[in-house]
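S.K.: So the chains spell out like this:
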Amino acid sequence: MVDYLILVLILNHMVKYISDRLDATFSALADPTRRGMLAKLSLGEKTVSELAEPYAMSLAAASKHIKKLETAGLVRREVKGRTHYCHLNAKAMAEAHAWMDYYTRFWTGRLDALEEALMANVESKEGSQ
Amino acid sequence: MTQKTLAVTVTHAFKLPAERVFDAWLDIKLARKWFFATDGGDMVVAELDPRVGGGFRFTDNRDGQEVEHVGEYLEITRPTRIVFSFCLPAFNPKPDIVMVEISPTAEGCILTLTHTMAAEYEEYTDRTQEGWTKMLQRLATFL
Chain A
11 MVDYLILVLI LNHMVKYISD RLDATFSALA DPTRRGMLAK LSLGEKTVSE
61 LAEPYAMSLA AASKHIKKLE TAGLVRREVK GRTHYCHLNA KAMAEAHAWM
111 DYYTRFWTGR LDALEEALMA NVESKEGSQ
Chain B
60 MTQKTLAVTV THAFKLPAER VFDAWLDIKL ARKWFFATDG GDMVVAELDP
110 RVGGGFRFTD NRDGQEVEHV GEYLEITRPT RIVFSFCLPA FNPKPDIVMV
160 EISPTAEGCI LTLTHTMAAE YEEYTDRTQE GWTKMLQRLA TFL
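Keeping their order, the protein sequence lines are chains A and B.
Throughout, our numbering is defined as the position within the first sequence, counted from one, plus 10.
Throughout, our numbering is defined as the position within the second sequence, counted from one, plus 59.
Here chain B stands alone, though its shape is the one from the complex (with noise of 0.2 Å):
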């Protein structure tokens, strides 16, 4: 039976090394200004663990509405790749993967991100689908 899984892909060109650009992804001081940031919102939690295995948790603050990520680090080779997984407890536990690849240019470096839901689409659509409308409503809200 075929693994019906979705993804989505988005790629950036960047005007700087790979190497800033990778360790933007692990310094929690840059971190937290943009990874699971929303503009308007207060981070009110930033954490992270910059090693395989490690976890990260980051909470952002909007309109009063705290949205938390939490993830793992599952791969971490510098200046070039980084896969991690991530969920958001309040709406659903099972955790989505994401892929990060980092290739120099003449300019500076490519970023190609890669999001995989994790699990199967079909049990998604077995779910009521109400559930799944209202889960997608609410994160649409916090864009």
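Chain A extracted, bound-state conformation (with noise of 0.2 Å):
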């Protein structure tokens, strides 16, 4: 999952994404707690308190950890009466590198078209002299 959310690209014509909530996703990713807080949400909805028990830390202190997987769009929170239930939000990350692997090869595809439409302009004028 690191890997994926991570994914740099240099192609020939030097494809790279860029995102604000990729920037917050690699920050939110280099912490070995969070990453242990992800994968145990992987496994399902769990409370604040259930996230922060292997790590003997305060709720306090789990729940600054969450804030910043939250910033980062991987978790999402839910509040059912006084407790509060994380969620991972995969899909949504999912669905943002769909967006961008889209534009990216759509984007790449115009820009070589560009340059054939203009290198066969360049011949066509070449020719006709």
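If you're looking for bench data, these hints aren't it; they were derived computationally from the structure.
Treat the hints with care, as some may be off.
For lysine to aspartate or glutamate, the following DMTMM-like pairs were computed, each having C-alpha atoms within a straight-line distance of at most 20 Å [unchecked claim]:
| # | chain 1 | residue 1 | chain 2 | residue 2 |
| --- | --- | --- | --- | --- |
| 1 | B | K92 | A | E88 |
| 2 | B | K92 | B | D108 |
| 3 | B | K88 | A | D122 |
| 4 | B | K92 | A | E126 |
| 5 | A | K74 | A | E63 |
| 6 | B | K74 | A | D122 |
| 7 | B | K88 | A | E133 |
| 8 | B | K74 | A | D41 |
| 9 | A | K74 | A | E88 |
| 10 | B | K92 | A | E133 |
| 11 | B | K88 | A | E126 |
| 12 | B | K88 | A | E125 |
| 13 | B | K92 | B | E127 |
| 14 | A | K90 | A | E60 |
| 15 | A | K56 | A | D41 |
| 16 | B | K74 | A | E126 |
| 17 | B | K74 | A | E133 |
| 18 | B | K92 | B | D122 |
| 19 | A | K135 | B | D122 |
Build the complex: two chains, separate frames, hints provided.
M.R.: Here's what the structure looks like:
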């Protein structure tokens, strides 16, 4: 999952993914505690205290970690009564990547076509001289 | 609250002067061949009004399906910068923003294109997941 999320492609045309969301994601994933929390969440929704438990940390400290995961869009929090339930938002990330994949390929193709159209124009001009 | 937007950036080096590459975006005779065109598709509508506030419309017909792209030029600074908004009205009326920057190099020029999803990302995740996925699947078929 980490490789998938820190994807950077360098092709002939230097295609690069930039996303405010990805920057936040990278920083969210840089911490082993948060990676552990994500792994736990992949098994199903967890309360904040369930996520804090294996780390012997305060609920406030756990909440800070979860907040970073929320900012990165990886986790959603749902409040039921007094309890906060956290859910993995992997689908949102998958959709974001689908959008970015699509438009990266689209614009790479369009710029190739732009070059072709210009080169054909250059050739026809030279031919008519 | 942080603005959550997505963007992609693509660059391309050309062995042609910046002015030639710049003009290809706003010259209808050239633009209709590549701008929002698809390989094997037929550009049935190609209109552009090359001024700030001017609009454009490109409709590409591929295998009987027409895909219309509509947009507006927000900034035109020859030969270095073009900013425009665009949307595919059939899929989503909310426009994205595209910024094209062209810088001269020893061999010609380098073009950097940044496409930013204008809507806050949250808005897309709030929509029915199904609708979003379907939209992307339909877009993918026009690649």
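S.K.: A separate judgement is required for each hint: does it hold in the structure or not?
M.R.: These are the hints, each one checked on the structure:
Taking the CA atoms of B/K92 and A/E88, the gap is about 50 Å. The hint is violated against a cut of 20 Å. Taking the CA atoms of B/K92 and B/D108, the gap is near 17 Å; set against the 20 Å cutoff, the hint holds. Restraint check for B/K88 and A/D122: satisfied, since their Cα atoms lie roughly 17 Å apart, inside the 20 Å limit. Restraint check for B/K92 and A/E126: satisfied, since their Cα atoms lie roughly 9 Å apart, inside the 20 Å limit.
A distance of roughly 14 Å separates the Cα atoms of A/K74 and A/E63; the hinted pair therefore holds under the 20 Å criterion. As the CA atoms of B/K74 and A/D122 are separated by approximately 13 Å, the hinted pair is consistent with the 20 Å bound. Between B/K88 and A/E133, the direct Cα distance comes to roughly 16 Å. Compliance with the 20 Å bound is thereby established for this hinted pair. At most 20 Å may separate the alpha-carbon atoms for a hinted pair to count; B/K74 and A/D41 exceed this at roughly 44 Å.
A hinted pair counts as satisfied when its Cα atoms are at most 20 Å apart, and A/K74 with A/E88 qualifies at roughly 16 Å. Note on B/K92 and A/E133: the hinted pairing holds, with a Cα-Cα distance of about 16 Å set against a maximum of 20 Å. Restraint check for B/K88 and A/E126: satisfied, since their Cα atoms lie roughly 14 Å apart, inside the 20 Å limit. Taking the CA atoms of B/K88 and A/E125, the gap is about 14 Å. The hint holds against a cut of 20 Å.
Annotation: proposed proximity of B/K92 to B/E127 holds, straight-line Cα distance about 15 Å (limit 20 Å). A threshold of 20 Å between alpha carbons decides the hint, and for A/K90 with A/E60 the separation of about 15 Å falls inside it, so the pair holds. With a C-alpha separation of about 19 Å, the suggested pairing of A/K56 with A/D41 holds against the 20 Å cut-off. A threshold of 20 Å between alpha carbons decides the hint, and for B/K74 with A/E126 the separation of about 12 Å falls inside it, so the pair holds.
Taking the CA atoms of B/K74 and A/E133, the gap is about 13 Å. The hint holds against a cut of 20 Å. This hinted pair checks out: B/K92 and B/D122 have alpha carbons roughly 17 Å apart, not beyond 20 Å. Taking the CA atoms of A/K135 and B/D122, the gap is near 32 Å; set against the 20 Å cutoff, the hint is violated.
In summary, the numbered hints that this structure violates are 1, 8 and 19.
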